Amino acid sequence: AQRVTQPEKLLSVFKGAPVELKCNYSYSGSPELFWYVQYSRQRLQLLLRHISRESIKGFTADLNKGETSFHLKKPFAQEEDSAMYYCALSRYNTDKLIFGTGTRLQVFP
Amino acid sequence: DTGVSQNPRHKITKRGQNVTFRCDPISEHNRLYWYRQTLGQGPEFLTYFQNEAQLEKSRLLSDRFSAERPKGSFSTLEIQRTEQGDSAMYLCASSPGTGGLNTEAFFGQGTRLTVV
Chain A
1 AQRVTQPEKL LSVFKGAPVE LKCNYSYSGS PELFWYVQYS RQRLQLLLRH
51 ISRESIKGFT ADLNKGETSF HLKKPFAQEE DSAMYYCALS RYNTDKLIFG
101 TGTRLQVFP
Chain B
1 DTGVSQNPRH KITKRGQNVT FRCDPISEHN RLYWYRQTLG QGPEFLTYFQ
51 NEAQLEKSRL LSDRFSAERP KGSFSTLEIQ RTEQGDSAMY LCASSPGTGG
101 LNTEAFFGQG TRLTVV
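These protein sequence lines map, in sequence, to chains A and B.
Per my numbering, the first sequence starts with residue 1, numbered consecutively.
Per my numbering, the second sequence starts with residue 1, numbered consecutively.
Since the hints were derived computationally from the structure, they do not count as laboratory data.
Careful: at least some of the hints might be erroneous.
Unchecked claim - The list that follows gives simulated cross-link-like pairs (lysine to any residue, SDA-like), each with its CA atoms no further than 25 angstroms apart:
1. A:K9 / B:E44
2. A:K96 / B:R112
3. A:K9 / A:L46
4. A:K96 / B:G3
5. A:K96 / B:Q17
6. B:K14 / B:E78
7. B:K57 / A:T5
8. A:K73 / B:Q41
9. B:K57 / B:S73
10. A:K9 / A:E20
What the hints assert, rightly or not - So the derived label-pair ranges between C-beta atoms look like this:
11. A:K57 / B:Q41: 24 to 30 angstroms
12. A:S26 / B:G16: 34 to 40 angstroms
13. A:E79 / B:T20: 38 to 44 angstroms
14. B:F74 / A:G16: 43 to 49 angstroms
15. A:T101 / B:E56: 20 to 26 angstroms
16. B:G16 / A:T101: 29 to 35 angstroms
Said to hold, decoys possible - A short list of chain B residues far from chain A (calculated; beta carbon distances all over 12 angstroms):
17. K14
18. G16
19. V19
20. D63
21. F65
22. K71
23. S73
24. T76
25. E83
26. P96
Being a predicted model, the structure only gives us computed values, none of them experimental.
Even glycine gets a Cβ: it sits at the ideal position worked out from N, Cα and C.
Produce the entire structure from the sequences given, and follow the hints as far as they go.
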């Protein structure tokens with residue numbers, strides 16, 4: 001079965017601290033992995049995807065097929081990073097997304 | 001705003017009533033998706049369309065739910081005989097659907113349904 005697990009419901013850090021939001025998945029094929037973000041009162045939006053290998057707003061995520069993980073990292077958190085973060089996967093070359101339960105990131109000044 | 005548009009934004013209905021939601025995708029996006037999100041959960045896939053064809057339906061979509069996309073543009077999601085368990089945020093998303101990096105899904109702001 002396809003599943004995405006985000007073990008932390010809430011992650012609180014101070015501004016400037018490193019951040020790692022964990023994501024593990026189970027899928028027998030070759031999935032595409034994504035991180036979506038939802039800022040307060042805004043719609044869900046794509047942050048980054050593993051095939052792009054980009055750094056967006058200082059965030060990076062590396063797909064580790066051996067550990068079936070796609071953790072989101074940022075070396076120095078900013079207050080504006082406070083939001084709800086969802087890890088998601090889709091089957092290769094399809095768009096249906098399977099989401100994790102989300103992690104709320106709070107960055108304190 | 002040229003993004004995905006959903007109406008209404010909020011709907012309160014009595015148990016047993018029928019409700020219909022509308023989604024207007026980004027122009028020229030071939031694929032349209034419906035998701036449902038309950039408190040403390042991530043969005044759950046319900047169904048999706050490639051143009052006017054409904055290609056996949058989740059087992060979450062009971063017989064009381066029906067979705068249409070008659071001309072391959074806007075879509076409607078109808079829930080008949082609503083139950084309290086139907087209370088949720090209903091999200092619509094669209095994507096170009098042409099593969100590769102064009103599979104990014106753009107989400108609407110959702111319709112929040114409360115069944116009383």
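### Violated hints, by number in ascending order, as checked against the structure
Of the numbered hints given earlier, those the structure breaks are 5 and 26, listed in rising order.
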